[in-house]
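Number of protein chains: 2
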Amino acid sequence: MDMREDRTTAVESGSRARTRRAILDAAAALLATEPTASLGDVAAAAGVGRTTVHRYFPDRSSLLAAVSTDVLDKVATATERARLDDGPAAKALERLCQEYFELGDSLTLMFDSPMLMDAADWEEDTPADLAFLHAVRRGHAEGGIDAGMDAEWVRSVLWALLYSAWEQTRHYDTPKHTALTQCLHTLRKAIAP
Amino acid sequence: MDMREDRTTAVESGSRARTRRAILDAAAALLATEPTASLGDVAAAAGVGRTTVHRYFPDRSSLLAAVSTDVLDKVATATERARLDDGPAAKALERLCQEYFELGDSLTLMFDSPMLMDAADWEEDTPADLAFLHAVRRGHAEGGIDAGMDAEWVRSVLWALLYSAWEQTRHYDTPKHTALTQCLHTLRKAIAP
DNA sequence: GCACAGTGGAACATCGGCGTTCCACTACGG
DNA sequence: CCGTAGTGGAACGCCGATGTTCCACTGTGC
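Chains as they are written, first to last, in this note's numbering: chain D, 81 to 273; chain P, 81 to 273.
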């Protein structure tokens, strides 16, 4: 078997892997607040030259795709950490909310990136999606989650509350823990039957 | 007194007023889904020539500013229609939610336009803002609104739910009344003490 | 018919971001 | 010391969006 080339975990000298990360992180953070930021801006934010950015990501779409899958990865691991199958489903969603909140700026990208990223792997049902849907259905059966709320609607509400909470920490001087507390409190009431 | 020039209600032959509206509406609808749409796209969506757009709005920023104040106007009248001072505050917020929902695509602009519009009159406290804050405080006193929810947080939640509901009608095949019902239902639970 | 408001389109110059190429510099291991 | 990997910067051509100018067309009222 020929191992074509594994883009994500390609053989990269520690140095290359580090700058790659720097660019990805800077891009995620910058694009979250300034969706139309130029590649020059991204390069500056990452502390590298514009040429270097092009060395790692030939064109803008490559960078966007990489950021997309990177964020998707973070979401996936966060979902795993939430252990959606443990305990009451309602509590599981609260844990999920906490984990997602930790993603910081990245969740802003997740929220309104449909405009930004046309990544092919966006509309697909990821394992995280399936786990989420399963948890909601379990909640419906257990009676811990309002049966009148469509799973899709629960997902929307969760993300919307997360986004709002994160906005509060950005635009106003709300400390993060306060925002998260409000968010969880509201989520709890919203999904309760 | 010299009436400088009243930009909003300037003396415009019916024809001019009509095309102006067409451009404004098309711009609002288009920018809501495609924030980086070109002026040519806006012109096409409005059914006019690119030249005509420039005739009414010299540069892009002018158009954006006009759209901004236009949307702000719609929000203001919608807020008035909600009669926030009548009846229980919680019910008043539900009425407000319904009125805002009618704004359609425009509310998408309101939600993530902070990136789009740098309108000077954005951060100011409009009468609509004050009425809203007053209603929330009234709800706190009456006990109809969760006193643990900051007025700012209530506003965020309201907008977030509205945005989510509208998204549901766009991306999925959820009929509008269903989305609105879900939205109101969730809002009611969220703001209840 | 005629003036005039309103419009669309073609053409043009400009500007900024993009993608590419080339070269010089630094660090590091042989 | 020398080759190599990694980088930054300057320079260039390209392209799409923008803003402007000019001209031809259409309607409406006089």
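Simulated from the structure, these hints should not be mistaken for laboratory data. Incorrect hints may appear among the rest.
One copy or two, it doesn't matter: identical chains are merged, so the pair holds either way.
[Unchecked claim] Okay, derived cross-link-like pairs now, DMTMM-like style, lysine to aspartate or glutamate, Cα gap no bigger than 20 angstroms in a straight line:
| id | residue 1 | residue 2 |
| --- | --- | --- |
| 1 | Lys269 | Asp230 |
| 2 | Lys256 | Glu232 |
| 3 | Lys256 | Glu179 |
| 4 | Lys269 | Glu232 |
| 5 | Lys269 | Asp105 |
| 6 | Lys256 | Asp230 |
| 7 | Lys269 | Glu174 |
| 8 | Lys154 | Asp205 |
| 9 | Lys269 | Asp226 |
Remember, it's a predicted structure, so these values are computed and weren't measured experimentally.
Going through the hints against the structure:
For the homomeric pair Lys269 and Asp230, the shortest alpha-carbon distances inside one copy (16 angstroms) and between copies (15 angstroms) are both at most 20 angstroms. Proximity of Lys256 to Glu232 under the C-alpha cut-off of 20 angstroms is restricted to the inter-copy arrangement: shortest distance 15 angstroms between copies versus 27 angstroms within a copy. Taking identical chains as interchangeable, the C-alpha atoms of Lys256 and Glu179 lie at most 20 angstroms apart only when both belong to the same chain, with a minimum of 13 angstroms there against 32 angstroms between chains. Both within a single protomer and between protomers do Lys269 and Glu232 lie at most 20 angstroms apart by alpha-carbon distance, with minima of 17 angstroms and 18 angstroms respectively.
In this homomeric assembly, Lys269 and Asp105 never come within 20 angstroms of each other (Cα to Cα): the closest approach is 34 angstroms inside a single copy and 37 angstroms across copies. For the homomeric pair Lys256 and Asp230, the shortest alpha-carbon distance between copies (15 angstroms) is at most 20 angstroms, but the shortest distance inside one copy (29 angstroms) is not. Proximity of Lys269 and Glu174 under a CA criterion of 20 angstroms is satisfied in both settings, with 11 angstroms inside one chain copy and 16 angstroms between copies. Within a single copy, Lys154 and Asp205 get their C-alpha atoms as close as 16 angstroms, which meets the 20 angstroms cut-off; across copies the closest is 38 angstroms, which misses it.
Proximity of Lys269 and Asp226 under a CA criterion of 20 angstroms is satisfied in both settings, with 10 angstroms inside one chain copy and 11 angstroms between copies.
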